[in-house]
Amino acid sequence: MAKFKKKKDGELPQASTAALPDIVFMLLFFFMTVTVMKDNSLMVENKLPEADDIEKLNRKNDRVMYIFAGKPVAGYEKFGKEAVLQLNDKIAQPSELKQFIHAERALRTEEIIPFMVTALKVDRNANMGLVSDVKQELRKENMLKISYLSVKKPEAK
Amino acid sequence: MAKRSIPEVNAGSMADIAFLLLIFFLVTTTIEQDNGITRKLPRWEEVPPPNPPIIKKKNIFTVVVNKKDELLVEDERMELKDLRQAAIDFIDNGGGVSAEGEKCDYCQGARSPESSDHPSKAIIALKNERETSYSLYVSIQNELGAAYTELRNREAVRLYGQGNTFTSMNAIYKDPKVKDAALKEKLDKRLKKLKGMYTQFISEVPSKTN
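Protein sequences, first through last, are from chains Z and V.
First residue of the first sequence? That's 1 in this note's numbering, and the numbers climb one at a time after it.
First residue of the second sequence? That's 158 in this note's numbering, and the numbers climb one at a time after it.
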C-alpha cells in the first residue's frame with residue numbers, strides 16, 4: 001500500500017520562484033515597447049514653457065528633428081552664460097544649423113522629408129533673439145513646419 | 158545499463174539576468190510624450206515681393222511685445238489673460254464681407270465697422286523684440302492659437318452636436334491607432350470645413366537685427 005509522506009507540522013512549503021523570470025520578462029517587454037531610447041544627453045538647461053493649446057507630437061515615425069536651446073548647464077560653463085543652441089550632442093552656433101539640417105535630411109528617406117517637423121526645445125528663460133535666428137535659418141532651408149514644445153499648463157481653477 | 162537522467166538546467170539566475178535587462182531599459186529610455194504648439198513658418202524670399210497687398214488697418218490685429226515683456230495690443234497695454242478674449246472678439250467680429258463678397262453668417266461678434274470684416278480677412282500681426290523672453294512668446298502664441306481653437310470648437314458643437322468639438326475630432330483624426338478609413342474621411346471633411354471657417358492667420362513681423 002502506498003504511503004503518503006506526512007508533512008512535518010509547522011513548516012511552511014517553500015514558495016516557488018519558477019514564475020519570477022516570466023513576470024520580469026513581461027515587465028521588460030512592456031518597457032521595451034512603450035519607451036523610446038534617449039538619444040542625446042542635454043548640455044543646456046531645458047525647462048519648457050507652459051501652454052494649453054497644444055498638440056501631441058508623434059515621435060515614433062522619424063519625422064521629428066530636435067533643436068535644443070538654453071543656458072549651458074554646470075560643467076559646460078565655458079560656453080558662456082547666455083542661452084546657446086545644442087544640435088545632437090554638441091553646442092553650436094546658429095550658422096551651423098544649415099549643416100545640421102542637411103545631415104538630418106540625409107538620414108531620412110525621400111518621402112519623409114516634406115513632412116519633417118522641427119521641434120524646438122527651448123528653455124523658458126531663453127530670449128527670442130536666438131529663436132528668431134533659428135527660425136530664419138529654418139526658413140532659408142525650407143523647413144517650415146515647427147513646433148514649440150511645451151508642457152501642459154496645470155488647470156487653473 | 159541504467160537510464161541516465163538528463164541533469165536539469167538551473168534556471169535560478171534567469172530572473173537576475175532579466176532584472177538586469179529590465180533595469181537597463183528603465184534607465185536608458187523615456188516615456189515622456191512631446192507636446193507642442195505647431196506653427197508654419199512663412200517661406201523665405203530672397204527679394205521681398207514688389208507689390209505687397211494692401212490690407213486695411215482694421216483687418217490687422219497688432220500684438221507687440223517689448224524687451225521688458227510688456228504687451229501692447231492694438232496700441233493699448235493689455236494683460237496676457239485678456240489677450241485670448243480680445244483676439245476672439247477681433248476674429249469673430251464679422252463687420253463686413255469676405256473677399257468673395259459674402260457676409261459672415263456664423264460670426265457672433267459685435268459686427269463693429271471698426272474691427273475685422275470677415276474671419277478670412279482677419280490677420281493677427283505679432284511682433285517681438287530680440288530681448289523678449291521665450292516663455293512669454295510661447296504664452297502669446299498659445300493664447301492666439303487658443304482663440305482660433307475656441308471659435309472652431311464653438312462652431313463644431315453648433316454644426317455637429319454636443320461632444321464633437323474641434324479638439325476632440327482632431328485628436329481622433331490624428332491618432333495613429335484609429336484605422337477606420339470612413340471615419341477618418343468624415344472627420345477630415347469636418348475639420349477642413351472648420352479650418353476654412355476660421356483660418357489661422359498669425360503673421361510675424363521680423364524683429365530688427367542689430
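Any given hint could be a false lead.
Each computed DSSO-like pair below joins lysine-lysine, with the alpha-carbon atoms no more than 30 Å apart [to be verified]:
{"#": "1", "chain 1": "V", "residue 1": "214", "chain 2": "V", "residue 2": "284"}
{"#": "2", "chain 1": "V", "residue 1": "224", "chain 2": "Z", "residue 2": "152"}
{"#": "3", "chain 1": "V", "residue 1": "334", "chain 2": "Z", "residue 2": "56"}
{"#": "4", "chain 1": "V", "residue 1": "336", "chain 2": "Z", "residue 2": "71"}
{"#": "5", "chain 1": "Z", "residue 1": "121", "chain 2": "Z", "residue 2": "78"}
{"#": "6", "chain 1": "Z", "residue 1": "152", "chain 2": "V", "residue 2": "225"}
{"#": "7", "chain 1": "Z", "residue 1": "140", "chain 2": "V", "residue 2": "349"}
{"#": "8", "chain 1": "Z", "residue 1": "152", "chain 2": "V", "residue 2": "214"}
{"#": "9", "chain 1": "Z", "residue 1": "47", "chain 2": "V", "residue 2": "214"}
{"#": "10", "chain 1": "V", "residue 1": "352", "chain 2": "Z", "residue 2": "153"}
{"#": "11", "chain 1": "V", "residue 1": "225", "chain 2": "Z", "residue 2": "153"}
{"#": "12", "chain 1": "V", "residue 1": "331", "chain 2": "Z", "residue 2": "153"}
{"#": "13", "chain 1": "V", "residue 1": "214", "chain 2": "Z", "residue 2": "121"}
{"#": "14", "chain 1": "V", "residue 1": "352", "chain 2": "Z", "residue 2": "121"}
{"#": "15", "chain 1": "V", "residue 1": "225", "chain 2": "Z", "residue 2": "121"}
{"#": "16", "chain 1": "Z", "residue 1": "145", "chain 2": "V", "residue 2": "350"}
{"#": "17", "chain 1": "Z", "residue 1": "78", "chain 2": "Z", "residue 2": "56"}
{"#": "18", "chain 1": "Z", "residue 1": "81", "chain 2": "V", "residue 2": "214"}
{"#": "19", "chain 1": "Z", "residue 1": "145", "chain 2": "V", "residue 2": "336"}
{"#": "20", "chain 1": "V", "residue 1": "284", "chain 2": "Z", "residue 2": "56"}
{"#": "21", "chain 1": "V", "residue 1": "224", "chain 2": "Z", "residue 2": "47"}
{"#": "22", "chain 1": "V", "residue 1": "341", "chain 2": "Z", "residue 2": "152"}
{"#": "23", "chain 1": "Z", "residue 1": "153", "chain 2": "V", "residue 2": "334"}
{"#": "24", "chain 1": "Z", "residue 1": "71", "chain 2": "V", "residue 2": "225"}
{"#": "25", "chain 1": "Z", "residue 1": "47", "chain 2": "V", "residue 2": "238"}
It is worth saying that the hints were derived from the structure and are not from the lab.
Values in this document were obtained by computation on a predicted structure and should not be read as measured data.
Status of each hint after checking the structure:
1. Only pairs whose Cα atoms come within 30 Å are accepted, and residue 214(V) paired with residue 284(V) is accepted, the gap being roughly 16 Å.
2. Under the criterion of a C-alpha separation no larger than 30 Å, the hint pairing residue 224(V) with residue 152(Z) is consistent with the structure, at around 26 Å.
3. With a C-alpha separation of about 14 Å, the suggested pair residue 334(V) and residue 56(Z) falls inside the 30 Å cut-off, and the hint holds.
4. Only pairs whose Cα atoms come within 30 Å are accepted, and residue 336(V) paired with residue 71(Z) is rejected, the gap being roughly 43 Å.
5. With a CA separation close to 22 Å, the supplied pair residue 121(Z) and residue 78(Z) stays within the 30 Å bound.
6. Of the pairs offered as hints, the one joining residue 152(Z) and residue 225(V) holds, with about 25 Å between alpha carbons and a cut-off of 30 Å not exceeded.
7. For a cut-off of 30 Å, the pair hint linking residue 140(Z) to residue 349(V) stands: about 29 Å separates their Cα positions.
8. For the hint linking residue 152(Z) to residue 214(V), the alpha-carbon distance of about 35 Å lies beyond 30 Å, and the restraint is violated.
9. A threshold of 30 Å between alpha carbons decides the hint, and for residue 47(Z) with residue 214(V) the separation of about 38 Å lies outside it, so the pair is violated.
10. A C-alpha spacing of about 25 Å is found between residue 352(V) and residue 153(Z), which places the hinted pair at or below 30 Å, so the restraint holds.
11. Between residue 225(V) and residue 153(Z) the CA atoms are separated by roughly 23 Å; this keeps the pair inside 30 Å, and the hint holds.
12. Of the supplied pair hints, the one linking residue 331(V) and residue 153(Z) holds, its CA atoms being roughly 22 Å apart against a limit of 30 Å.
13. With a C-alpha separation of about 35 Å, the suggested pairing of residue 214(V) with residue 121(Z) is violated against the 30 Å cut-off.
14. Under the criterion of a C-alpha separation no larger than 30 Å, the hint pairing residue 352(V) with residue 121(Z) is consistent with the structure, at around 27 Å.
15. Our distance criterion of 30 Å between C-alpha atoms is met by residue 225(V) and residue 121(Z), whose separation comes to about 23 Å.
16. Under the criterion of a C-alpha separation no larger than 30 Å, the hint pairing residue 145(Z) with residue 350(V) is consistent with the structure, at around 22 Å.
17. Between the alpha carbons of residue 78(Z) and residue 56(Z) the distance comes to roughly 35 Å, so the proposed pair goes past 30 Å and is violated.
18. Distance restraint check for residue 81(Z) and residue 214(V): the Cα-Cα separation of roughly 42 Å exceeds the 30 Å cut-off, and the hinted pair is therefore not satisfied.
19. Distance check on the hinted pair: residue 145(Z) and residue 336(V) sit about 25 Å apart at the alpha-carbon level, within 30 Å; holds.
20. Between residue 284(V) and residue 56(Z) the alpha-carbon distance is near 27 Å, which keeps this suggested pair within the 30 Å criterion.
21. For the suggested pair residue 224(V) and residue 47(Z), the alpha carbons sit about 21 Å apart, so the restraint of at most 30 Å is met.
22. With a C-alpha separation of about 27 Å, the suggested pairing of residue 341(V) with residue 152(Z) holds against the 30 Å cut-off.
23. Of the pairs offered as hints, the one joining residue 153(Z) and residue 334(V) holds, with about 26 Å between alpha carbons and a cut-off of 30 Å not exceeded.
24. Taking the CA atoms of residue 71(Z) and residue 225(V), the gap is about 20 Å. The hint holds against a cut of 30 Å.
25. With a CA separation close to 22 Å, the supplied pair residue 47(Z) and residue 238(V) stays within the 30 Å bound.
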